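Residue strings, one per chain:
There are 2 protein chains.
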Amino acid sequence: MPQGKVTTVPDDGLTTRQRRRQAVLAVHTGHGKGKSTAAFGMALRAWSAGWSIGVFQFVKSEKWRVGEETALKALGASGGPPVAWHKMGEGWSWIQRAGTERDHAAEAAEGWAQIKRDLTAETHRFYVLDEFTYPMKWGWVDVADVVATLAERPGTQHVVITGRDAHPDLIAAADLVTEMTKLKHPMDAGRKGQPGIEW
Amino acid sequence: MPQGKVTTVPDDGLTTRQRRRQAVLAVHTGHGKGKSTAAFGMALRAWSAGWSIGVFQFVKSEKWRVGEETALKALGASGGPPVAWHKMGEGWSWIQRAGTERDHAAEAAEGWAQIKRDLTAETHRFYVLDEFTYPMKWGWVDVADVVATLAERPGTQHVVITGRDAHPDLIAAADLVTEMTKLKHPMDAGRKGQPGIEW
Numbered sequence: 000m001p002q003g004k005v006t007t008v009p010d011d012g013l014t015t016r017q018r019r020r021q022a023v024l025a026v027h028t029g030h031g032k033g034k035s036t037a038a039f040g041m042a043l044r045a046w047s048a049g050w051s052i053g054v055f056q057f058v059k060s061e062k063w064r065v066g067e068e069t070a071l072k073a074l075g076a077s078g079g080p081p082v083a084w085h086k087m088g089e090g091w092s093w094i095q096r097a098g099t100e101r102d103h104a105a106e107a108a109e110g111w112a113q114i115k116r117d118l119t120a121e122t123h124r125f126y127v128l129d130e131f132t133y134p135m136k137w138g139w140v141d142v143a144d145v146v147a148t149l150a151e152r153p154g155t156q157h158v159v160i161t162g163r164d165a166h167p168d169l170i171a172a173a174d175l176v177t178e179m180t181k182l183k184h185p186m187d188a189g190r191k192g193q194p195g196i197e198w
Numbered sequence: 000m001p002q003g004k005v006t007t008v009p010d011d012g013l014t015t016r017q018r019r020r021q022a023v024l025a026v027h028t029g030h031g032k033g034k035s036t037a038a039f040g041m042a043l044r045a046w047s048a049g050w051s052i053g054v055f056q057f058v059k060s061e062k063w064r065v066g067e068e069t070a071l072k073a074l075g076a077s078g079g080p081p082v083a084w085h086k087m088g089e090g091w092s093w094i095q096r097a098g099t100e101r102d103h104a105a106e107a108a109e110g111w112a113q114i115k116r117d118l119t120a121e122t123h124r125f126y127v128l129d130e131f132t133y134p135m136k137w138g139w140v141d142v143a144d145v146v147a148t149l150a151e152r153p154g155t156q157h158v159v160i161t162g163r164d165a166h167p168d169l170i171a172a173a174d175l176v177t178e179m180t181k182l183k184h185p186m187d188a189g190r191k192g193q194p195g196i197e198w
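Going down the list, the protein sequences come from chains A and B. Heads up: the first sequence runs through residues 0 to 198, numbered per numbering that gives the first Met the number 0. Heads up: the second sequence runs through residues 0 to 198, numbered per numbering that gives the first Met the number 0.
Chain A on its own, in the form it takes in the complex:
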């Protein structure tokens, strides 16, 4: 998208370069495909820029996004910047699990608590919070806390949040919001997902 024209120049005392290097909060929402896929595509680009990547997968079970995980981990192991991949679906890696009982609300809150710790420590330069709109929607994570934490995050840490039904306050706080809309899907023609394409 080779567009370079801005429609307004804010009176913020920043140079164009300073303004364009600000940390970005992006949201991919809507009911169409490509929300997570575009987020992982952005991670690909961020990794090439030399940035440490942190992925937090909410909600989905461990079978999902295995392709992206394999590829991004292969990149992380190739000598470039590191890639950390955390999955709620198989229990967050940093939590010692006492039993087999699952409490998804508590796990989602734990995931968000770790993201806050990482943001404070500036652990990564680029974060994918995959399907993070759902814990917000379901009240497992406090929207006001998310918005305030992201607004105050130190340094230049870019964050992409994916999922349907993004909260209006999150959209208001974001710099970049794209809605993915389904025009057509193979499922409409009775074709289910397939490996390599859907996951």
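I should point out that these hints are in silico values taken from the structure, not numbers from a laboratory. Treat the hints with care, since some could be wrong.
Note that the list lumps identical chains together, so a pair holds whenever it fits in one copy or between two copies.
[Stated by the list, open to error] Restricting the straight-line Cα-Cα distance to at most 20 Å, the calculated cross-link-like pairs of lysine to any residue (SDA-like) are:
{"no.": "1", "residue 1": "Lys181", "residue 2": "Ala22"}
{"no.": "2", "residue 1": "Lys115", "residue 2": "Thr155"}
{"no.": "3", "residue 1": "Lys72", "residue 2": "Gly49"}
{"no.": "4", "residue 1": "Lys115", "residue 2": "Arg163"}
{"no.": "5", "residue 1": "Lys191", "residue 2": "Gln21"}
None of the values given here were measured: they were computed from a predicted structure.
Since the structure of chain A is provided, determine the placement of chain B on it from the hints.
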């Protein structure tokens, strides 16, 4: 998107497994971000599935998508399936250039001719035809030829086409069409694109 219910089951004599393993033609269109990014995210997943990847970048100059190119080429060189990356912006790699004169219409037609050769030879399992809607829109490539060629492509070769204003015949031929719509963009706030995020 953990959805598994199909709304119709076609009377095509195929098993569910055969039907779901059919080659997919996907189109990412609309004026929002994420069309190409999601296509490269799909390529990431396809690569992880063990598939050879062919990328054809139309229109954009060579400075664009450099992050994705670096990362996917690093994957291709890591011992997994190969990644071929062809750019019109710096002249297609397979063409010996006589002079410095550029004819974009002819170059676009050359790109499409190579894609047809690759589809016939089943060179790749997954193709990204990035910004390919534009040569179609501008009449540099014949839409009917594209639709017919893709309809008749042999084997299981998945194709993703990106760009604004996808032709209605292309949309009609596609299995999966997603429209990316801009809800909000940093440019609206006077912030231009930045490396690692936009390219």
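**Prompt:** Which holds for lysine 115 with threonine 155 at a C-alpha limit of 20 Å: within a copy, between copies, both or neither?
**Reply:** within (15 Å within a copy, 44 Å between copies)
**Request:** With 20 Å as the alpha-carbon cut-off, assign the pair lysine 115 and arginine 163 to within, between, both or neither.
**Result:** Classified as neither; 22 Å inside a copy, 37 Å across copies.
**Item:** Homo-oligomer pair classification [alanine 22, lysine 181; C-alpha up to 20 Å]
**Value:** For lysine 181 and alanine 22, the Cα distance is within 20 Å only across copies (19 Å; inside one copy 29 Å).
**Prompt:** Between the shortest in-copy and the shortest cross-copy C-alpha distance, which are at most 20 Å for lysine 191 and glutamine 21: within, between, both, or neither?
**Reply:** between (41 Å within a copy, 10 Å between copies)
**Asked** Quick one: lysine 72 to glycine 49, C-alpha cut-off 20 Å, is that within a copy, between copies, both, or neither?
**Response** both (14 Å within a copy, 15 Å between copies)
Hint check: a violation occurs at hint 4 only; the rest are consistent with the structure.
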